[in-house]
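Just so you know, the sequence shown maps onto residues 247 to 356 in the numbering used here.
Read the hints as simulated data drawn from the structure, not as lab findings. Quick caveat: nothing in here was measured; it's all calculated off a predicted structure. Idealized CB from N, CA, C, for every residue including glycine. Treat the hints with care, as some may be off.
[Stated by the list, open to error] Using C-beta positions, here's what the derived DEER-type ranges look like:
1) Thr297 to Thr355: 33 to 39 Å
2) Gly293 to Pro354: 18 to 24 Å
3) Glu320 to Pro294: 26 to 32 Å
4) Ser295 to Pro319: 34 to 40 Å
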Amino acid sequence: MKFLATTGAALLLSCLSVSSVAADSLKRIPTKPGAVPNAITISCFRGPSSTVIWDRPNAVFIHDLVRIGYTFPEAHAIGERICRDEYGLGQHGYMSSSLQQIIATTPPTN
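Given these sequences and hints, build the entire structure.
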């Protein structure tokens, strides 16, 4: 019985510490889009599914691409390409390298 009580107390303390860490991370304010010059925020709406169904680029992603010189249709097409890539699900490094490759092969015309 004593074992059960100590195990339960340890489990409760670990849950409280994890929830306090999670609550602390929610208090952090994200970097304001456009605050870092020449930075592109890769931001995609994923939806509730773990598969590519409703995936689309968020406005901040498209606006950052327009800011560096792409036209709106070009920026939207690049955003769709990055956000709808199945291999990019949860792979931020892959999404970043894919975007760098697109920018290197088709630089902005402006």
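To see whether the hints hold, each was checked on the structure:
no.: 1; hint: Thr297 to Thr355: 33 to 39 Å; in the structure: holds (34 Å)
no.: 2; hint: Gly293 to Pro354: 18 to 24 Å; in the structure: violated (29 Å)
no.: 3; hint: Glu320 to Pro294: 26 to 32 Å; in the structure: holds (29 Å)
no.: 4; hint: Ser295 to Pro319: 34 to 40 Å; in the structure: violated (27 Å)
In this structure, the hints that do not hold are numbers 2, 4, in rising order.
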